[in-house]
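Protein chains: 2
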Amino acid sequence: ALEEDDSALKALVAEYHPSEIAILFEGLPQESRERIISILPAEVASEVISEMDAEFHPEKLLENLHPERRSEIVEELDYDDATDIISQLPEEQQQEILEELDEEDASNIRSLLKYDDDTAGGLMNTQVIKISMKLMKKDALELVIQQSEEMEEFYTINVIDDKNVLRGIVSLKDIIKARNNVRIEEIIKTDFVFVKADTDQEEVARLISQYNLTSIPVVDDNMHLLGRITFDDVIDVMEEENTEDILKISGVSEDEELAGNWKEAVKSRLPWLILNLGTAFLAASVIRYFDSSIARMGILAGYMVMIAGMGGNAATQALAVTVRRISLNDLTDNQAYRTVLKEFTVGLINGASIGFVIFLFAVFYDGNPMLGLVIFVAMTGNLIIAGMAGSSIPLMLKRVGIDPAIASSIIITTFTDVFGFLLLLGLASKLLL
Amino acid sequence: ALEEDDSALKALVAEYHPSEIAILFEGLPQESRERIISILPAEVASEVISEMDAEFHPEKLLENLHPERRSEIVEELDYDDATDIISQLPEEQQQEILEELDEEDASNIRSLLKYDDDTAGGLMNTQVIKISMKLMKKDALELVIQQSEEMEEFYTINVIDDKNVLRGIVSLKDIIKARNNVRIEEIIKTDFVFVKADTDQEEVARLISQYNLTSIPVVDDNMHLLGRITFDDVIDVMEEENTEDILKISGVSEDEELAGNWKEAVKSRLPWLILNLGTAFLAASVIRYFDSSIARMGILAGYMVMIAGMGGNAATQALAVTVRRISLNDLTDNQAYRTVLKEFTVGLINGASIGFVIFLFAVFYDGNPMLGLVIFVAMTGNLIIAGMAGSSIPLMLKRVGIDPAIASSIIITTFTDVFGFLLLLGLASKLLL
Chain A
1 ALEEDDSALK ALVAEYHPSE IAILFEGLPQ ESRERIISIL PAEVASEVIS EMDAEFHPEK
61 LLENLHPERR SEIVEELDYD DATDIISQLP EEQQQEILEE LDEEDASNIR SLLKYDDDTA
121 GGLMNTQVIK ISMKLMKKDA LELVIQQSEE MEEFYTINVI DDKNVLRGIV SLKDIIKARN
181 NVRIEEIIKT DFVFVKADTD QEEVARLISQ YNLTSIPVVD DNMHLLGRIT FDDVIDVMEE
241 ENTEDILKIS GVSEDEELAG NWKEAVKSRL PWLILNLGTA FLAASVIRYF DSSIARMGIL
301 AGYMVMIAGM GGNAATQALA VTVRRISLND LTDNQAYRTV LKEFTVGLIN GASIGFVIFL
361 FAVFYDGNPM LGLVIFVAMT GNLIIAGMAG SSIPLMLKRV GIDPAIASSI IITTFTDVFG
421 FLLLLGLASK LLL
Chain B
1001 ALEEDDSALK ALVAEYHPSE IAILFEGLPQ ESRERIISIL PAEVASEVIS EMDAEFHPEK
1061 LLENLHPERR SEIVEELDYD DATDIISQLP EEQQQEILEE LDEEDASNIR SLLKYDDDTA
1121 GGLMNTQVIK ISMKLMKKDA LELVIQQSEE MEEFYTINVI DDKNVLRGIV SLKDIIKARN
1181 NVRIEEIIKT DFVFVKADTD QEEVARLISQ YNLTSIPVVD DNMHLLGRIT FDDVIDVMEE
1241 ENTEDILKIS GVSEDEELAG NWKEAVKSRL PWLILNLGTA FLAASVIRYF DSSIARMGIL
1301 AGYMVMIAGM GGNAATQALA VTVRRISLND LTDNQAYRTV LKEFTVGLIN GASIGFVIFL
1361 FAVFYDGNPM LGLVIFVAMT GNLIIAGMAG SSIPLMLKRV GIDPAIASSI IITTFTDVFG
1421 FLLLLGLASK LLL
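In the order they appear, the protein sequences are chains A and B.
Under my numbering, the first residue of the first sequence is numbered 1, with each subsequent residue one higher.
Under my numbering, the first residue of the second sequence is numbered 1001, with each subsequent residue one higher.
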């Protein structure tokens, strides 16, 4: 369809919702994206750009546009979206775009560019509905309707005093229900949830999720209203944080873009593999220490691999459950203690079960019951250590303020490798040779 | 504080928001939870219960309550929350509780109990705001306010015809802004997003997130309005689905409760370890096949462990990135092809880099350049296979309709073990011995 003339293309894309076009874009080359953006009405183009995932680089679509057209599109964007997108461009281009905008839009975006991406300030939109607490019902209602003309959606109405200090919130419904001679200050809710501009985005997401809020006001240190964050921004934050968790626990840097190129992937993953190489040398040195035992009993090598494999997987299981649990809720000391105790028990039972199967194999296939016993003990011990390391290491990291997901499987599995080899080869050297 | 008398306890808990009490409950024994629930006002108790995470078993708090008190609390619950909680109880107790309720509440909850937990029907609340399309502005506004009395929050107003068929939606703001002589049908939005009762909850979450909706109507096959799902339910679904993804990718059954006891954990994890044991026997049999090579060159055992460790970790990295990418977006054939190609390149570069470090070690520490060369080739080949398996296996599973996260690290890492050993030991046997 992209080969036909513009009017056919226009008719085609007119049938899609902007968020659908944004998804469609992910499969299209950059030229096709630019061509479609150039023929869309400015308000649709701006919605498409704001709906695009950051990793498909919506900012690149602004680069080659005619300045006038670009201002049109940027002015249609919400300030928070405009800021997110513009902040991805080089400083010089940022200035160029801001200079093309009208004064009010430019100064709003400039003030948002000051905040860190992953704080409430970086997430917030400065367009808010706000009314004075002294207003009577009728005037308040009129003012709200008037302010809402420029916004697609609004949820909570912010109520301020004459110094722009946020004093409460109220819903449209409550204003409508109020009698005519009521002043807004009589019906506001004064115990509301709010965040400071420097609050971490994860904390914002937690509050919105815990209190089921559609939006949350952002204030400065003196309770002056700066903006608002809405639930849909938080849904995006949650997806982003969950991606980071899955990546980190698997030994991938949290900022690798899922759809990034191979260069980014190498940069993100090679350092973790090199770290793993260091710990693998440690495991290998345990094996070298028992060199002669292995040479005298080659059969041990196969069992070593089983010990390492099962230990690594059991540790990954305990790690995943513990890291996810910590990321959803803080654990008390007592809960943390019981978690490690539980993983000890799980390791004991799973280790003994797996160990018993291998014991049978060693007895009936290799005809060596003593070897079977050594492996049974080594497997059980290894899975106990795996469970305890997989649970206690992330818990300890959290306690000292380090992200527990960093205790990725890469670190934990080598830990179990070293211990498992020591146990198996040490016991084998003592008891079998 | 729990040791003091009830009035002190009452004063204490009165200072907390219900969702804070729900979190506090997670660290308390069952008796303390029951005692606190018994002294809270019914409307607070019901909010606490509805805010509790399913894995802390809010339904158990209902079991020992006096029937009258229990009805009070259940009647305060939203129908969807009441249904979720009651559905966790045995059939007999469900009936008992439903019989205590007033007829309307009981029949609403009964109809919701029919739907699967993880469908739109299972998520929805049947309490909705609905007005007839024929109403004039003033009557509509009055009806909305009247209906909203019983709801804590509402977002979208559903507009139906005289057969209860959903014809459109409208916002409170739009009704207020309308002129007095306007009929609702003139201002409704007729291209709105909705779901059927049997739509999967993941799809509901996707739609709410994609279109930034505060709530979405649920209809039957004939577009009769059944209920609504709100963004806060979807935030919970997203957390649940993300937990399942992290667990599955780590070889833990998706339904293991994070705070569950050791019995559940063994039941959830042991089957995966036994599956892994089967594949580990395969890797071990490769080693047994090269028994004599290892006996003649004991130094190989240490390098084997490095090959297995690095291959497993590189595969886990590729797997995490690919599974997460699939779970956020479907990939086109072309994108899938480019993903596997990218992982090939990443494996080649990372494998050659790591291989080169080990090559240097083999040359300068072991004084065996030929051994170094064998390891270099084996490591590079192994990491290429790791990347391609880690990306292509989940992509293929997705293509045939199987959950890609099931391609857990457990399966992929053994795959790379077998291949890595074959490559290392095969080359070593040919070239070194």
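These aren't lab readings, by the way, just hints derived from the structure by calculation.
Just to be clear, a hint being listed does not mean it is correct.
Said to hold, decoys possible - Listed below are the simulated DSBU-like cross-link pairs for lysine-lysine, each with C-alpha atoms no more than 35 Å apart in a straight line:
1) A/Lys-10 - B/Lys-1060
2) A/Lys-138 - B/Lys-1248
3) A/Lys-177 - B/Lys-1263
4) A/Lys-173 - B/Lys-1430
5) A/Lys-177 - A/Lys-196
6) A/Lys-138 - B/Lys-1130
7) B/Lys-1060 - A/Lys-177
8) A/Lys-60 - B/Lys-1398
9) B/Lys-1138 - A/Lys-10
10) A/Lys-173 - B/Lys-1134
11) A/Lys-137 - B/Lys-1130
12) B/Lys-1130 - A/Lys-267
13) A/Lys-173 - B/Lys-1137
14) A/Lys-248 - B/Lys-1263
15) A/Lys-177 - B/Lys-1398
16) B/Lys-1177 - A/Lys-137
17) A/Lys-263 - B/Lys-1196
18) B/Lys-1430 - A/Lys-177
19) B/Lys-1430 - A/Lys-130
20) B/Lys-1177 - A/Lys-163
21) B/Lys-1263 - A/Lys-189
22) B/Lys-1196 - A/Lys-163
23) A/Lys-248 - B/Lys-1430
24) A/Lys-430 - B/Lys-1430
25) B/Lys-1177 - A/Lys-189
26) A/Lys-398 - B/Lys-1173
27) B/Lys-1177 - B/Lys-1060
28) A/Lys-138 - B/Lys-1134
29) A/Lys-248 - B/Lys-1177
30) A/Lys-137 - A/Lys-60
31) B/Lys-1173 - A/Lys-138
32) A/Lys-263 - A/Lys-189
33) A/Lys-189 - B/Lys-1130
34) A/Lys-177 - B/Lys-1267
Claimed, not checked - According to the in silico footprint, chain A covers these stretches of chain B (three or more CB under 8 Å from chain A):
35) 1123 to 1135
36) 1260 to 1273
This structure is a prediction, so every number in the text was calculated from the model and none was measured.
The beta-carbon is built from N, C-alpha and C at its ideal position, and this holds for glycine as well.
Exercise for the section: Of all the hints given earlier, name the ones this structure violates by number, lowest first. Expected result: Hints 1, 2, 3, 4, 7, 9, 12, 15, 17, 18, 19, 21, 22, 23, 26, 27, 29, 30, 32, 34 and 35 not satisfied by this model.
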